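K.L.:
Single-letter residue listing:
Number of protein chains: 2
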Amino acid sequence: MKTQSKRKTIAIDMDGVIADVESQLVKYYEQTYGITTTVEAIQGLSGAEAFPEDSATKKMLNVPGFFRTLEVMPGAIEAVKKLAEQYELYIVSAATEFPLSLLEKIEWLGEHFPFIGWRNIVMCGDKSIIDTDYMIDDHCKNLDFCSGKAIMFNAHHNLRQHHHTRVHNWQEVLALFESFNDQA
Amino acid sequence: MKTQSKRKTIAIDMDGVIADVESQLVKYYEQTYGITTTVEAIQGLSGAEAFPEDSATKKMLNVPGFFRTLEVMPGAIEAVKKLAEQYELYIVSAATEFPLSLLEKIEWLGEHFPFIGWRNIVMCGDKSIIDTDYMIDDHCKNLDFCSGKAIMFNAHHNLRQHHHTRVHNWQEVLALFESFNDQA
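Protein chains in written order, with this note's numbering: chain G, 1 to 184; chain R, 1 to 184.
Please keep in mind that the hints were generated in silico from the structure rather than gathered at the bench. Hints are not guaranteed to be accurate.
Said to hold, decoys possible - In silico EDC-like cross-links for lysine to aspartate or glutamate, where the CA-CA straight-line distance does not exceed 20 Å:
#1 R/Lys-8 x G/Asp-131
#2 R/Lys-141 x G/Glu-40
#3 G/Lys-6 x R/Asp-131
#4 R/Lys-6 x G/Glu-78
#5 R/Lys-8 x R/Asp-131
#6 G/Lys-149 x R/Asp-131
#7 G/Lys-141 x R/Glu-107
#8 G/Lys-82 x G/Asp-144
#9 G/Lys-149 x G/Glu-97
#10 G/Lys-59 x G/Glu-88
#11 R/Lys-81 x R/Glu-107
#12 R/Lys-6 x G/Asp-182
#13 G/Lys-141 x R/Glu-88
#14 G/Lys-6 x G/Glu-85
#15 G/Lys-27 x G/Glu-49
#16 G/Lys-8 x G/Glu-111
#17 R/Lys-141 x G/Glu-49
#18 G/Lys-8 x R/Asp-182
#19 G/Lys-6 x R/Asp-144
#20 G/Lys-59 x G/Glu-104
#21 R/Lys-8 x G/Asp-144
#22 R/Lys-149 x G/Asp-131
#23 G/Lys-8 x R/Glu-111
#24 R/Lys-82 x R/Glu-49
#25 G/Lys-8 x G/Glu-88
Unchecked claim - Derived coverage of chain G by chain R (criterion: at least 3 residues anywhere in the stretch with Cβ under 8 Å from a Cβ of chain R; other residues may be distant):
#26 45-55
#27 164-176
None of the values given here were measured: they were computed from a predicted structure. Note that CB positions come from ideal geometry on N, CA and C, so glycine has one too.
Can you build the whole structure from these sequences, using the hints too?
P.N.:
Encoded structure:
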């Protein structure tokens, strides 16, 4: 009985899609372990390969402030605003693994994406029960099980996966959605 | 491409379903406004009718500790544990309207429902993009738009709504699911 909205729906991930996690991990890795790497150097590597010390990725994600101070991905605000004219957008973040991140993520969205209201924010774990027409995400663990069309946002850890439509930046996202020619 | 789990899925609401919000509202209303009412007295009333002072419901829901100290609904733990043997359960709470509640809800679940892992917890707003085989909830705004079978958990504010299957307690939930005869 899904008749609430006639607009097509898009689930948009946060980390690695609208929020720049790669730069932050590189920065925190240097601060915490004194090891310098670069966003360029980690392309094609898994999290464990990119930051091999001491389960570093998980530890860095648990540092208070990590999510609150992320940079916005280039062009994300303008592109999301543009998509919101035509689509019903949901920000869907797999955040419940890191409970301290929940409030930081809500505050971060309030600062950078104030036009996304609380009704359209989802903080979850497994995304397999999220039912939208499109899903933009950087992880196969989410995209492989989504019910709509999967769109893979380029990230250092997903370069070896080729079974989803890939976009490298928000300009490509907009161009892709223009090609879909959905009715408003 | 939804093949991750072959078990049928249930979305279970928190407030008014596994967490006893009515008793807490009655208690906080007396503490805050000095007006005594009872759970029995508010049956059949909307939130605004039950607690008419000064947008009281919304204000009480924003008090730190409100959600963290809720009582568990009678029989909920045992019943949810029983359902978890056969179904894939997701706790789905419309919590993003109250950002301070997010961590409190995660902590509350960790205390009372530690067998529900982070992958199966969803804190959202609008539940219309939640796709499960069943949804147990006390609000029509959620049940009317769910894609699966809607099950209305009895609450003071929903007594006038009759278009969903109603359960009055967790024993009735278990009996209902036994009647479905789903395969494990």
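K.L.:
Need the list of violated hint numbers for this structure, in ascending order.
P.N.:
2, 4, 7, 8, 9, 10, 12, 16, 17, 18, 23, 24, 26, 27
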